[in-house]
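Peer 1: Got chain A; can you put chains B and C on it based on the hints?
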Amino acid sequence: MNLEIILHAGLATGTILLFAAIGEVFAERAGVLNLGVEGMMLLGAMAGFSTSLYTGNVWLGLLAAIIAGGILSLAHGLVTIHFQADQVVSGLSLTFLGTGLALVLGEGLTGKNPPLVPAFNIPGLSAIPFIGPVFFTDHSLLVYVGYVFVPLAWYYIFRTRPGMHLRAVGEKPDAADTMGVSVYGLRYLYVCVGGCLAGLAGATISLSVSPGWYSAQTTSGQGWIAVGLVIFAQWDPLRAALGAYLFGALRRGILDLQGPAVLFGMRNPLYINSNFGFFLQMTPYILTIVALVIGSRQAARKRLGAPAALGLPYIRGERGL
Amino acid sequence: MSELPFAVEMKDIVIRFPGVLANDRVNFTLRQGEIHALLGENGAGKSTLMNALAGLYRPTSGTIKINGETVSFSSPKDAIAKGIGMVHQHFMLVPTQTVTENILLGLEQPRFFMRLKEYDQKVMALQEQFGLRVDPAAKIWQLSVGEQQRVEILKTLYRGANILIMDEPTAVLAPQEIDDLIETMRAMVAQGKSIVFISHKLQEVTAVADRVTVLRKGRVTAEGVSIEGMTKRDLAQLMVGRDVVFSVAKKPQDPGDVVLEVQDVHAENNKGVPALRGVSLEVHQGEILGIAGVSGNGQSELAEVITGMRPCQGCILINGKDVANQPPIVSIRSGVAHVPEDRTHVGSAPNLSITDNTIMKAYREEPVAKGWSVDFTYARENAHRLKQAYDILAPSVETMARKLSGGNLQKVILAREISQEPRLMVAVQPTRGLDVGAIEAIQTLILAQREAGTAVLLISEELEELLSLSDRIAVIYEGEIMGIVPAEGADVEELGLMMTGSRLADIQKQKAPGDLEGVAA
Amino acid sequence: MKLPFTIMFEKRMEDVPKWLPAVTSIGSVLIAFLISGIILKLIGGQPLRVGKFFFEATFGSWPAISDTLVKATPLIMVGLACTIAFKMKLWNIGAEGQFYMGAFAASLVVLVPMVPLDSPRYVIIGLMIIMGLIGGAVWGFIPGVLKGKFGVNEIITTLMLNYIAILWNNFWIFNKWSDAGFQMTPPFDKSAWLPRLADYAREFKAFSGITLHLGVIIALVATVVVWWVLERSRWGYEIKLTGDNKEAARYAGINIVRNVILVMMFSGALAGLAGMSEVSGVVHRLQERISPGYGFTGIIVAWLAKLNPFAVVLVSILFGALIVAGREIQPSGLAQLLQGIILFMVISSDVLLRYKIRFIRLQAPAVREVEVA
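Chains as they are written, first to last, in our numbering: chain A, 1 to 321; chain B, 1 to 521; chain C, 1 to 373.
The shape of chain A in the complex, shown without the other chains (with noise of 0.2 Å):
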C-alpha cells in the first residue's frame, strides 16, 4: 500500500478516462449526447493493437484508433443530428455496434504483442522529491499529453472564441443559428472529436497502460464510468481530470488492498477470504453512482448544470433538413 505506486498507477489508468470524458464533454457541450463511448474505446482499442501489429508502427495504431472512433461517432452524428433520432438510443446502438464490429474483426488478437507507446522519464521534473517519481517517471508518452491535454482544453472551452460558439449551440442554438454560426456543422465536428477522443482512450488501453487485447474485458465498462464524470465534472475539462486521476487511483488502490495481511495494523479480511475482493470490485462502480448524486446536487443547488440544448435535436423552423 505504496500511496507514490498508488498515484502514480493513477495517473496512468487514469489518462484513459481522462480522454474519454473530455471528448465527452466536447460533445457534450455542444449538445449531443454520446453515449456509444464504450463502443467507441472498444473499437479504438482493436483498431489501434491491430493496426500497431500489423505495420509494426504504434504510431499508426495509434492514429487508426482515433480514425476509428471518429468514424463511428460520425454515425451517431447523422442519425441524431440530421435524422433527428432519439440521442439516448442512437448512442446505445453504437455502443452495440463499436462492441461488435471491435469484437468480430477483434478475432484471434488475443495473446499477441505489438509495438507499445513508449514510457520514459521526464529529465529534471523527475527529480523532484515525491512529485517526481509520481508525474514524471516512467509513464507513457500519453500520459505525458494528457497533462497538457487538460489545460489546453480548459483554455479552449472558456477562453476562445471557437470555444465561446461551442458553447452557444450546446446552450441555445437557435440563437448561434441566427448569427450565422452552423449549428450542424459544429455539433457534427465535436461529436467527432468526442469519438476520436474515445478511440484515443481505447489505445490508451490496449497499447500502453494495460497493453493487450482482451475481448470485452479491455474496456470493462471505462467507457460508462467516463460519461458518469462527465456529469460530475459539471462538463469542466479541469474536474473530469480530477475525477478521472481519482478513479485511476482507486483502482489501483483496490488492487493493493487484496494484498498484504497486515492493513492499517488490523488483519486484512481481504487476504484471509480473497473473495471478499468482489466487493471491493464494486468500488468503482458505486463510486460513479456517488459521484452521479453529487453532481446531480450540485447542479440543481447553484442552478447550474448540463447545456440547455444537451440532447434535443435541432430544428430550425420550417426549413426542414
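Bear in mind the hints are in silico, worked out from the structure with no lab data behind them. Check before you lean on any hint, since a few could be wrong.
[As the list claims (entries may be wrong)] Simulated crosslink set (DSSO-like; lysine-lysine; CA at most 27 Å straight-line): (1) C:89 - B:403; (2) C:52 - C:41; (3) B:370 - C:246.
Peer 2: Relative to chain A, chains B and C alone:
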C-alpha cells in the same frame, strides 16, 4: 425626379411551407430613413416575410432588392453582410454568456483569443452613440427584459446594420419602456437607419410609424400607405377584413360568494428571486377578476401557486380549504381548472390523441374510469361530443394533439377544463397567438363560464381583453398588487401607471389633493 | 452533373400510415442481415452457408424450435421490462443486473433454504417466482429512487448496478454456496425445476429431449399483463402521459416521483422474473454466467418492437433464434454486431416516420421580364 433607391424592395414574394401558403405574392418597400410598420394579426405572414428578408428562409419565388441591388440570401450571414439586422421577438441570446459575448457571437473577430475587456470597451462606445445602456460584463440571465432587448439591438448595430427589422418589440415592455424604445428608434433613424417594425398593436403603429403595410392571411391588403389619416378602425378592418367588434357581449351579473382567497402569498421564481411579495386578492362566484401587468411581474407564478405547481408561503383558500403548497392533485380535486400559459409544453401531450388529452383530469373518476382501468370507448365518444360542441377542427379524435392549430388546441384544453365543472378557473394568456376567430371563441367560452357561476381568474397581457371581459381588474407589478379597480369605466391611464409601479392609493391622492384638503379639518 | 430534381425531407402533416412502423422494423432487420453478410464475406466467411445453417439450427426441427423458444423466453420478459420503462422515457439499461438479482433471489429459496426442500413443487416454484420478482424490483428501486428524488441520470446508475449485481452474485457463488470450488452452486433439486416438456417424455414420446419449460407460459402471461397495464389501465395512461410530456403529467396532478419509482420497480421485477425463469428452467443452479447479455438484447427487442408488448414476443423469437445460431457461428461477436446493426437501422429508419421524402422537380429559370421604364 431622382430618388434614392428603396432601402428594401420585395416583389412578388411567395413563401410556402408544407400545408400552408405563408406569403402570397407580397410586395413590400422600405424607404431610406423611415419607420415602416408591418401590421397583421397572428399568422398573417409578417414574421415569415421578414424572416426571409433576414436570410432565415428562402422565398419559393419573388425578388428582393437591397439599396437597388438584387440579392439572394442563403443564410442569415448573407443578410447581415448586406446591412440587415433583426431584433427577434423571442430573444436569441445565450443566457449563460455575457452581453459582450452575445454581441460577438458568430463574428470573425476576435480571431481566437477572447479579449473581453477590450471588447467590453467597444460595446460601451456603441452604447453611448445610441443611448442604449447595459452592463457589458453582465450575464444575460441577470438582465431585465428591457435590457435584454437592448442587447438584441446592440447586436445588430455592432454588425453595422442599416436596415433594422424589429419583430413585435413592444410585446414584453411596459408602457414606460415602450416610450424609451420609441425614442431609441427615432434616434437610430436620425443617424440614417431604416426600420421595419412588425406589430399587431394598432396603438403603437399609429404612434410611431411613417408608413404601414397590412397583411392578411398571407396577402397584402394595404401597401406602404402613409399613416397620416389612418384611424385605428381603418387599420383593424384592413387587418381582419370586417368590422371588428372591439368588445364581446357581457351581461351584467351579481357576483356570489368568495371562491378563491389569496392571503399574503410570497413565492420565488425559477431563478430564486422573489416573484410574489405579499399578494392578496379574492374572486367571487360568477365573476371574472382580470390580472393586468406586463409579463414577468409575477403573473405566471401567481397562477402556479394557485394550481399547486409552485411552492409558496401564505394561504390560498378554495371555498375555505387551504391548497397552498400542495401538489397539483389537491387543487384539481378542489375544483380548480387551469388553462395554462404554455399550451404545448404544459397543457397538452403532443403525441397523444385528442381523446387522451381530454381525459387528463377526468381519468381518475367514473365514468371515464372503470375500477383500475380506463373506459376508452366512453372516452372516445365523449371526446367526439366535445369536438362537435366546441367546434374543434381535426380529422378525428385520434389525431395527435401536436397536429392541431393553436386555436383548436386551446379549444381542446378549454373543453377538458370546462368538463370538470370547476368552481374556479385560472386562465393564463388564453388567447395568446390565436387568430381573431379563435380569440372570439375562447373569450365567449370564458364568459359562458362566468354566467354559469364559475369564478374566473383571467391573466392576460392584452389590456383590451381584460377591459372587455373582466368585472374587476387587479394590476400586478413586481410581485405586488398595485390596485384593484372595477373594469367598467376603468381609466386606462391609471392602469398604465399601476402597471409601471404606481400604487392606486398614490395615484388617487395625486389626482384629487384639493378634495382631501377640504375634508381634513 | 446536376440532377433534374432535388430531394427534400418534408415534415409529415398527416397521421403516419399504420403499416409504416412495422415495415421499417422488418426492413431494418433485413438490411442488417444483408450488411452482416457483407462484412462476413469481407473477412472470409461464407454468408450463404451460414444463413442455411442459421435456419436449420433455429427452425429446422422441433427440437430446434424448442431451443429457440427457450432462448426467447427470458428475452420476452426483459423486452417487456424495457418496454414499460421506455414508455415513460426511463432508460433502464440495467435489465441485465435486475435479471441477475432476480436469479439470485429466486435461488435463495433453495440455497438458504427458505422452505423445507421436500415441500410440494408448486410451493417452491411459486416462492421462487415471487422472490425473482422481488429481487428484480429491489434492483430497480435503487435507480428509481435516485432518479425520482434526486434527478440522477438513470442510464448510468442502472449500468453501474449491472456490474455490481454480477459481482455480488460472484461473491456468493465463489464463496458460500460454491459446488466443490467451482463457480456455481450445486444443482437444484428437481422440485425446484420449472416443468419441462421433456418431463412428460414417458407419456408423449415426441417430447423426449425437448427442453421447453413453463417459463414460456410465464412470459406470455407477463405479456398480457403488460399489455393490459399499458393499454387499458389508469396507471398505463399515467405512464404514457408522463413519458410524452412530463410537465403536462405534473399539471394533470400525476405524482411523477411515485411513478418513476413504481415503473422502475415493475420493470426490474419483470427482468428479475426472467432471471428466475433461467435459473429454474434452464441452468437449474446459480452460476456465474447465466445470461449472454439478455439485458442488453432486451433493449433492442423493445425498440424494434416499437414498444408494443405483442410485437415484443415476435421479436424475441427472432432474437432467440439469433442466440441459438450464434452459439456455433464463428466468429463469436457476430451476433452482437448484428444486434448493433439492427438497432442502428431501426433508429435511422425512424426518420421516415416523421418526414416524407419528396422529389421536387427543379424548374428551368423563368424568362425575366424586361422592365419598361
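Peer 1: Would the pair residue 52 (chain C) and residue 41 (chain C) pass a check requiring their Cα atoms to be no farther apart than 27 Å?
Peer 2: 15 Å, holds
Peer 1: Is the hinted pair residue 370 (chain B) and residue 246 (chain C) satisfied, with a Cα-Cα distance of at most 27 Å?
Peer 2: 25 Å, holds
Peer 1: For residue 89 (chain C) and residue 403 (chain B), compute the direct alpha-carbon distance and say whether it is at most 27 Å.
Peer 2: Answer holds: residue 89 (chain C) to residue 403 (chain B) is near 22 Å, not above 27 Å.
Checked against the numbered hints above, the structure breaks none of them.
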